[in-house]
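Using the hints provided, position chains U, A and Y with the ligands relative to the given structure of chain D.
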Amino acid sequence: MRFSFGNLLRQARAGHTGWGPQWRDAEPKAAYDVVIIGAGGHGLATAYYLAAEHGICNIAVLEKSWLGGGNTGRNTTIIRSNYLCEESEALYEHAMKLWETLSDTLNYNVMYSPRGVLMLAHNEHDIRSLKRHIHANRLAGIDNEWLTAAQAQAFCPILNIDADLRYPVLGAALQHRGGVARHDAVAWGYARAASELGVDIIQNCEVTAIRRGTDGAVEAVETSRGRIAAKKIGVVAAGHTSVVMAMAGLRMPLESFPLQALVSEPVKPVMPCVVMSNAIHAYMSQSDKGELVIGAGTDAYVSYAQAGGLHIATHTLEAICELFPVTRRLKMLRNWGGIVDVTPDRSPIIGLTPVPGLFVNCGWGTGGFKATPGSGHVFAATLAHGVPHPIAAPFTLDRFRTGRLIDEAAAAAVSH
Amino acid sequence: MSRPTQRFRTAAGGRIARARTISFQFDGRRYTGHPGDTLASALLANGVHFVGRSFKYHRPRGIMTAGSEEPNALVTILQGRDRQTPNVRATDIELCEGLAAISQNRWPSLAFDAGALSGVLAPLFPAGFYYKTFMGPRFIGSNWLWPKLFEPLIRRAAGLGRAPASRDPDHYVNRYAHCDVLVVGAGPAGLAAALVAAEAGATVIVSDERTEFGGNLLSAFDAGHDGDLSAGVNAHRWREQSLAALAANARVTLLPHTTVFGAYLQNFYGLAERLASHHGSPPPGLPRERLWQVRAQEVVLATGAIERPLVFSGNDRPGVMLAGAVRSYLNRYGVMAGSRAVVVTDCDTSYAAACDLKRSGVDVPLIADLRSDVGGAAIDAAKQAGITVEAGVNVLGTTGRHRITSVLMELGPAGARERRAVPCDLVLMSGGWTPSVHLYSQARGKPSWSEGAQAFLPSDPVPHVHSAGGCAGTTDLEQALRSGAEAGAAAARALGLTVSAEIMTVADPDPVLGSRAGAPVMAPPSADAFIDFQNDVTTRDIQLATQEGFRSIEHIKRYTTTGMATDQGKTSNHNTIALAAGMLGRDVAVVGHTSYRAPFTPVTFGTLATTARGSLFEPLRRTPIDAWARAERATFEDVGQWQRARTFPLRSENQQQSIQRECLTVRCAAGVFDASTLGKIEVVGPDAATFLDRMYLSPLAKLAVGRCRYALQLNEAGFVIDDGIVARLAPDRFHVTTTTGGAQRVLTLMEDYLQTEFTDLTCWLTSITEHWGVIAVQGPRARDILEPLIAGLDISAATFPHMSVGTGEIAGVPMRLFRVSFTGELGFEINVPSNYARDIWELVEQSAERHGGTVYGTDAMHLLRAEKGYILVGHDTDGTVTPEDLGFGTGAKKVDFVGKRALARPDMLKSDRLHLVGLLAEDPQHVLEEGAQLTQAASPANGARADGHVTSAYMSPALGRSIALGLVAGGRARHGERLFVPMPSGPIAVRISTPLFLDAKGARLHG
Amino acid sequence: MLLIPCPYCEEPRPEIEFRYGGEAHIARSADPTGLSDAALADYLYFRSNPKGWHYERWQHQSGCGRFFNAVRHTVTDRIIGTYKAGEPKPDLALYRVRAGS
Amino acid sequence: MAKTSADAHLDFAVDTTVALRAPWEGCVFADVPHIATLSDGGHFSRVVLRGYDLAAQGLGGVLGVQPPIEINRAITAGTRTVMKLGPDEWLILAEAEAEIQLDRLPAANLAAVDVSHRQAALSLAGTAVEAVVSAGCPLPLDIASFPVNRATRTLFAKTEIVLWRTAANAFHLEVARSFVPYLIAHLNRAIEAEAAIANGRGR
Ligand SMILES: Cc1cc2nc3c(=O)[nH]c(=O)nc-3n(C[C@H](O)[C@H](O)[C@H](O)COP(=O)(O)OP(=O)(O)OC[C@H]3O[C@@H](n4cnc5c(N)ncnc54)[C@H](O)[C@@H]3O)c2cc1C
Ligand SMILES: NC(=O)c1ccc[n+]([C@@H]2O[C@H](COP(=O)([O-])OP(=O)(O)OC[C@H]3O[C@@H](n4cnc5c(N)ncnc54)[C@H](O)[C@@H]3O)[C@@H](O)[C@H]2O)c1
Ligand SMILES: Cc1cc2nc3c(=O)[nH]c(=O)nc-3n(C[C@H](O)[C@H](O)[C@H](O)COP(=O)(O)O)c2cc1C
Ligand SMILES: [Zn+2]
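Chains as they are written, first to last, in my numbering: chain D, 1 to 416; chain U, 1 to 1007; chain A, 1 to 101; chain Y, 1 to 203.
There may be inaccurate statements among the hints.
[What the hints assert, rightly or not] Covered stretches of chain D (chain U as the covering partner; in silico rule of three or more C-beta atoms under 8 Å from a C-beta of chain U):
hint: 1; stretch: 5-11
hint: 2; stretch: 137-148
hint: 3; stretch: 179-191
Note that these hints are calculated values from the structure, not bench results.
Each residue gets a CB set at the ideal place from its N, CA and C atoms; glycine is no exception.
One chain only, chain D, in its complex shape (with noise of 0.2 Å):
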């Protein structure tokens, strides 16, 4: 049934009787055309847009555990695209044009919401790197502007523009485009949607082995519910890629770190916007249902952990109450951690591997929920057709070996 007022209307009546499965709950069959490792939103996005624009319809989702139980249903949300490097800002815009009617396209409220993202500068450093960032969008057609500290607070007026800050906020970058999104519904949405093009979504079903053929392209994979035969395989495992593709005897440039994020208790609104703080290292915005969500750093070590040190949260926390001391007296109500998988310059992998019928979408790290429309789009046409997606092409394997890094991290690095 689709998802109206009318039909909830009707359905108010009758008791909400009349819903459905939002997505089968599929058995495995023997053979599929394209196998996709993770029902995170990446691998969910992915087979929809298989489906949907490629007509590959034979798909399944394996995920391990619960669909959209990884970083995509743990993570704080943000959407921006105001990237650097030219190849960056072309895959982070060309999903943010997605979000920006992906409710209507999935039929489905993902509560995208372009509330604007403001990131800080406390020093001179700070500020060029803004600056650049700015006039780099602009050239790409993306918006980004700069406001004064005075602008800033009047965007986002709990935040302390005070002069003797330890920190002091001396500008911001404002992307009004930015915003956030409900997480869960992107999953389900894509899920919803995937489902009734006739994509099955096999839930508690771990990969175990990547099983290949005598000419080295793959065949099939082991899974916790038997073995499943695949033309192609598209690994969307995020922390877990580096365990999926060791199965297929591949070792990648990727380490998994814990990233925490917390939740306030619930307030009435007080934060109009999305604020990052790249130097003191703080993200905050609140949600619909009026938590402060604020993301969190990264333990310094590998771990599949999916928890975090308390002196993450509390380093995170001392930020946030200087930037927004009104915040001091409210609450923690929940502190969790993902694994994010990290490359060595910060930018995704997408695309084909060193074994033939084995495609990877992977590094996303810690901002790749923002991508997820642009990233199954791109990732879904370099699957059908066997070559990269233009916009995906530089965000090869291959950078690392030649030197042709993205470097969106090193952009950013503070020195002198």
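Same frame as chain D, but now just chains U, A and Y with the ligands:
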């Protein structure tokens, strides 16, 4: 307004100090209570049950529990204008003089709440309704109405309390602590564990979130000394004795008011201690809360169990309470929560509460047991007390607007079932107990389902963690004490201690507890049978979720928001799981539970941020010369943790004028500059030269003693990460400088190579950044300024040429003198021991003034070096720049060095890489903006590729025109070419040039 | 916060005194010029990133200053042993016997 | 004997117009009876010695105090103290800028660097010193775990310190020069908070 008296206070008993009366306010009305009360118990004593509105439907809600599991009774506490705290549990907050609380989530008032309309429309708002609507209408586009109309509406309706408007005047502190045994929870199990462990000689910390230690014992009926002592010591007396014994033991630290909120790796625990909230007017200077970060060898978790509500239609009305809570209010606080109480239960423990109420004179017309088959000691005791017990009861609903007025039920033998409405003003409900396995689970234990206990219990062992008492599944006092003592003993033994103490037998004040609840009896899906009270999740919502294909318990949680409120489902999670299991036709064990996460109860941000505020937020590093600069009213800039003098404006000058004057003065006479923040490393040892040669691009192996060299440091990927001067003081001794921000990073990197890669080399690295204060003197008069001050070193041009280093004395102070220049002028950098630097600075500055010189700051320094095309790492480079890109040849050095191999990668050799160039705007008065893009077209199309960007841009006083440095694709081959900087105000034409704008031959430098 | 036994200080110390240094036993080539681009990429960027026992580098930065290696399980985060830089990769089996698990 | 390249000696015969300015200049120190007293630790000459088996090299004679063999230990003789802070690292403190004759040290396999002005000393004494230091230092400080003459590099809040227990109720802290005001402010706050809590408890 008349002042209501404490009508529901018992005549005697309880642990309140009746002699003193405290006055407080709720929603503007004045009430009274006593020390020892919580806000909740005091409100109940005054007959106030209705204290809040629920999150979604704005339903009237009352006080349901007597502890930190409370889902409903959330209030905002006001203490003066600045101290406003939202979402405080009335059951947790201790009453103190002047306390003022207001209800939340209602408008205009608690009784008449416009938001209650959403309750009327509830059929429209089932779980996840927002995913299904608010998208259209299609012709406007899906992304318009949502953010502009619907989202703001939803946001306004949601949220609970309000964030304070002003800054928090309180402060918070931190404390690291270490102990042999951390005991969490000071109920009977925790106390027993602490006694045994302490007796054995362990250092023990005992923490409990409540004011008083004793846990459930405090809620039990105290029969006094005349109670039955045959079975052992009176439990209350035991509690007192135990506390006295612990308090007298110097190895024991008692932490009441302290919640253990998180379990982290290797027995590291986070504790939040409330120091001031229970003071009406806290002593000045008393921190509000303290964070304890405790590392324990062994941990005893004795966190008890939480009572479960029952799920029936209308189970959320004010006046419906947990049975144990009613008992707690009666026995601990001396409050009768009502005058006519009906008990609805499916477990034995609530019978004791009924008996206690009856004994206190409360009318208890009926115990309605949902189980069809009841019997045993508890039931007999109730019957003996004259209470009617009905088994096999089916609760159909309740009535009442702001307070319960009756319970509707179906009862009687099969075939002769009758419906009855039982009038009452209080309902005691109990669905059994859920062991508090939160911390065990956070400590990475995996609770598993126990069919016998009908609960998830700690099962697989977590190293050095012991669960005891209610949280481990014990149900009576004897078991609690025994398991506590055993846990304490196990902890002590694990520490290698000998255990001798024995726990005495204690008479159970609750001899009727014993048997456990059966599998919960669940009402059919209904729109007002609440599971999660705060988030308004009903049985119908859970049903809808399963119907819509949400089968994982994690999905059900997220779709319905059950367990996601401020209580984190302490009273609801079990019922959710049981209900979902029934609906999915799966075992509870298979359905499993959602993950437990820190914090156990919400923790104030301020507590977690502790002292990191204002000047304690992060160290602010100042140079030895800083005070002088401040006195001269310099302006400053942050560079890493340092603050550096940026300009020294004269009275009449603005920033720009100051920079221009400072620069010109340096070029015409001289300038004095505080370079103390530069990183410095002393490299000493027989292989020091070889080591440095491997660490830097520049060849250093053969650097002569007394000479310096500029050196670029690369990472192993071939990119420039730092630069500095390497000076050879002796064959085996070097003084190396780094960038200000890079000091620590470079030292760490060099240590890493020295310790783990170049282990064939013998030398040592010592940070000397702060030992030396550095005063740069730059300009044609530099030598004249210095010469009179210096002894023991000839600095004439002939003996001390550019890039020399030597030692001597300045004003009698030992110094290391470098002849180096970052301005293109004749220059020296004087290094003097930091504690002398301020006075030496003044001498040098005075001498400079005599020669027409000036002091200058970082802005002038940046400009001066740009005129010479000298790069600033991190300013003109960004971690993607190779030495070749900057114009440094890399082929000359044949031996290996860090980063060498990477420079030969295909992409590093491309001719279209970004090169450092000079940029001259065609309008010489126009200063470009740093970070601006460079394009070939004057008005590039959207999405056009840039040819590069501006990295540094200034108005050069020496050249009388603007200059800039930039990185341009293939730029070295494009000198003279025209590019554009597309700005919003229009394109600016520029010419690519050499980055060396001044004194190309270096005549000034070598002067 | 991890508790890390420093093999030089010979006692466990809190994680915040240490700096993590990535996977251990990725040795720099004695003659990097001889490396192929692929081998160089391997050395620079490719990591085993295992879900399980991990040999990793730490520096006791705010302590004795020494680099050393640890064997830690990346799911339980348990450290079963640390050893000095330059010492060979210890046999896991040995540790399990010693740790009694 | 090979002569070391080190500055011949640390010699402080300076021009009278040049004053020694301590990094704690202008700082206020907390002093709360029954809790703790914070004060500056005075001026020292400091040398970092690096090398292996220093103790075995018979340096005791030159230094006037035998360097400890055990890591994280301090040994004091007269006005001199040597702490072993790393397997190859010793810190020598000589009171009141006394001369340390570095040129008498053997040069082979040994590095000596003057760091007299790199850091400063604070001293903390009183019955509640353990609690005060525990406000920022994550190490166990009870006398059994951290006995007198234990000395180690560690952290206090966001600064690195060298913590040396000089008596049951006294610590000597070494901290880099520019962190001195921060550390003093932090310790002052900890002392005051400890006092306020003690008073609050008493009520
Ligand atoms: C705390 C936190 C905050 C973040 N904040 C932001 C933010 O504000 N903005 C932003 O843009 N990004 C953010 N991110 C990053 C973002 O969440 C991720 O980049 C993005 O969600 C990744 O999506 P995914 O679909 O690739 O991965 P996931 O959602 O993690 O999906 C991968 C799936 O693969 C499954 N899987 C793994 N191994 C196997 C196997 N062997 N067999 C079967 N299935 C398997 C996993 O169970 C998982 O469900 C944040 C991340 C975290 C952890
Ligand atoms: N389990 C049951 O069925 C049941 C029911 C009712 C009463 N009882 C009685 O309860 C007692 C059980 O003893 P017990 O010692 O195990 O439990 P308890 O409930 O008596 O004590 C637990 C204590 O731990 C504290 N606590 C819980 N979590 C905490 C945290 N995170 N941080 C700090 N403090 C925390 C609580 O405030 C409480 O004081 C027995 O007397 C038993 O007869 C048991
Ligand atoms: C944007 C966002 C908002 C959240 N809001 C809440 C919340 O209001 N209450 C809550 O209990 N958890 C909230 N969570 C956290 C989830 O309960 C959960 O911790 C998270 O999805 C990680 O899953 P896990 O803790 O089960 O591992 C939120 C998570 C996200 C990503
Ligand atoms: Zn160490």
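Do the hints match the structure? See the list:
Look at the stretch 5-11 of chain D against chain U: 4 of its residues bring a Cβ nearer than 8 Å to a Cβ of that chain, three or more, so the hint holds. Restraint check on the stretch 137-148 of chain D versus chain U: 4 residues with Cβ-Cβ distances below 8 Å, three needed, restraint holds. Counting residues of the stretch 179-191 of chain D whose CB lies closer than 8 Å to any CB of chain U gives 6, so the stated coverage by that chain holds, three being the minimum.
Every hint, counting from the list given before, is met by this structure.
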